[in-house]
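Peer 1: Got two chains here, separate frames each, mind docking them using the hints?
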Amino acid sequence: MAKVILPELGEGITKATVSYWYFQAGQEVKEKDDLVELTTDKAAFNLPSPASGKLKKIFFLEGQSVKVGEALAEIE
Amino acid sequence: MFWTWSHGCFGPDPIIMFSFDILDLGLVDYSEALAIQNRLVCEVSSGVKISTLILCEHNPVITLGRQANEKNILKPQDALMKMGISTYNVHRGGDVTMHIPGQLVVYPIFSLRQWKRDLHKFLRAMEEAILLLLRGYHIKGIRKENNTGVWVGDKKIASIGISVSRWVTSHGLSLNVGGNLDLFSLIRPCGQDIMMTSMTEILGPNNVNIEKVKGVLIHKFREVFKA
Chain A
-7 MAKVILPELG
3 EGITKATVSY
13 WYFQAGQEVK
23 EKDDLVELTT
33 DKAAFNLPSP
43 ASGKLKKIFF
53 LEGQSVKVGE
63 ALAEIE
Chain B
62 MFWTWSHGCF
72 GPDPIIMFSF
82 DILDLGLVDY
92 SEALAIQNRL
102 VCEVSSGVKI
112 STLILCEHNP
122 VITLGRQANE
132 KNILKPQDAL
142 MKMGISTYNV
152 HRGGDVTMHI
162 PGQLVVYPIF
172 SLRQWKRDLH
182 KFLRAMEEAI
192 LLLLRGYHIK
202 GIRKENNTGV
212 WVGDKKIASI
222 GISVSRWVTS
232 HGLSLNVGGN
242 LDLFSLIRPC
252 GQDIMMTSMT
262 EILGPNNVNI
272 EKVKGVLIHK
282 FREVFKA
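In the order they appear, the protein sequences are chains A and B.
Heads up: the first sequence is residues -7 to 68, going by our numbering.
Heads up: the second sequence is residues 62 to 288, going by our numbering.
For reference, chain B alone in the conformation it holds in the complex (with noise of 0.2 Å):
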């Protein structure tokens, strides 16, 4: 007997239209964060809940993702727990990142079984996502081949990382908002040794509101999506 992802044990796929929930977090502890994600996973696997996006921030928190290599984590151990910052083995792809206040955290549980089953273009659509955002405050985005994620120039501006569960993504997407890019200096974002920029770095402090970037990129996502 053969097996894949769309026959057997999970069934046809369902034909509807796809849409998904949102689930606004704010200020989140990342380990609820991820107690959340866990959650919906099961619940949108099972059919009780539609595909949700959540978005969130998350006080320095460094993450390291199933290709990480400790080596990128710039401080001993001690000296981040002093500055009160947690490291997370966790099971997405990518190596280290970090998330901190200001940085915009979107995590979509979808349903690929109701979007295309296809991780390349699912990780290219939230690319293109941050790219329409962007362009609104005329921002120039750019994708860099077998490099995901979204740049200004040379210097990252969102870093991407799923995980894939019957077809149910977790983990997702961070957007450099705001906040103390300095942090990044802790680690060797994505294994690389690239500089971080953010939409606050590019167009001053009074320019941009995280609100106001959520309901766009929201927007955006429905758009790309077709939601």
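Next up, chain A with everything else stripped away, as it sits in the complex (with noise of 0.2 Å):
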């Protein structure tokens, strides 16, 4: 099981907005596709998955803020 965590991203930056998931709950996914797109303020970028296998659980929607070290998925 590997979970999805929001990365430190930068001094004061303690959380971004999901705006896109490149897959759905229950696809495969391959380590280092494209998971997720966030965004902050002026930036946007995608967060790799870090394993291969099921995306199990998204914890977050697209338009939801998540926190600096909170888990955004499970792969199984």
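Think of the hints as simulated: they come from the structure by calculation, not from any bench.
Please note that the accuracy of each hint is not assured.
For the chain B half of the interface with chain A, some residues (derived, Cβ under 10 Å), not all of them [said to hold, decoys possible]:
no.	residue
1	Leu173
2	Asp179
3	Asn207
4	Val225
5	Ser226
6	Phe245
7	Ser246
Straight-line distance between alpha carbons at most 27 Å, and here's what the computed DSS-like set of lysine-lysine pairs gives [unchecked claim]:
no.	chain 1	residue 1	chain 2	residue 2
8	A	Lys7	A	Lys59
9	B	Lys216	B	Lys281
10	B	Lys205	A	Lys24
11	B	Lys177	A	Lys59
12	A	Lys24	B	Lys281
13	A	Lys22	B	Lys110
Virtual Cβ for every residue (Gly too), placed ideally from N, Cα, C.
Peer 2: Listed below in structure tokens is the structure:
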């Protein structure tokens, strides 16, 4: 089981908004595939998958805000 | 297993001095510059190329960032098409912006793995390069809190919006050196009711040369990013 965590993005940046999931729950993903796009005020960035496997659970939907260190999804 | 950008599949950070190449595209079609950016992001990300600072100008074009609301484009699409203005939805932060000839557009394709790994500091560093450049022209540029970009009084002179993939940046900033500012009336820049200004508007048309501004900006980027 691998958790997809929102990493440290920089000084003063404590959260980001999920703008796009490239995969849906239940789909197979490969390590390094772009998994989810997030945005802060003036930056958009892709988070790659940390592992290959099934995207078991998505914890934050598009439009929702995630804090640094929180898990966005689980991969089994 | 927990994963962060700093570990796991991307390995440790290489310990080398940050440096970057220059790629001056001149006046180039937006779609062509976008394709070049995308290619460079892959090459810099995989280590085939070092970080690269792209400089260019575009014919009038409107781009919508990830936070963009289409209502911030104030003319219908067919009217824009008749004016020869295309619109693009792009993978970058921010709302709507516009590029015009005479505006210097700068796309740093920088590996932040080799420079601080900090999106906030990267945005501030780009602002700093612009502020230093303006100071050299005796223009007092300022930052506004929670409003990324560079301003002169209440008017905006430089806009910023970036994209980051595997710690490699793309998109970037546009500095109004000159150009027809009336075209900004086609949009609400950054989704706000703001006025734009340019170096030419402030200093007079004969006192600013975009080629010279490019040279100074490269120098300021090297200073700020210590390349």
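Peer 1: Against this structure, judge whether each hint is valid.
Peer 2: Hint by hint, here is what the structure shows:
no. : hint                : result
1   : Leu173              : holds (9 Å)
2   : Asp179              : holds (4 Å)
3   : Asn207              : holds (8 Å)
4   : Val225              : holds (4 Å)
5   : Ser226              : holds (5 Å)
6   : Phe245              : violated (18 Å)
7   : Ser246              : violated (23 Å)
8   : A/Lys7 - A/Lys59    : holds (4 Å)
9   : B/Lys216 - B/Lys281 : holds (22 Å)
10  : B/Lys205 - A/Lys24  : violated (37 Å)
11  : B/Lys177 - A/Lys59  : holds (20 Å)
12  : A/Lys24 - B/Lys281  : violated (35 Å)
13  : A/Lys22 - B/Lys110  : holds (25 Å)
Hints 6, 7, 10, 12, counting from the list given before, are not met by this structure.
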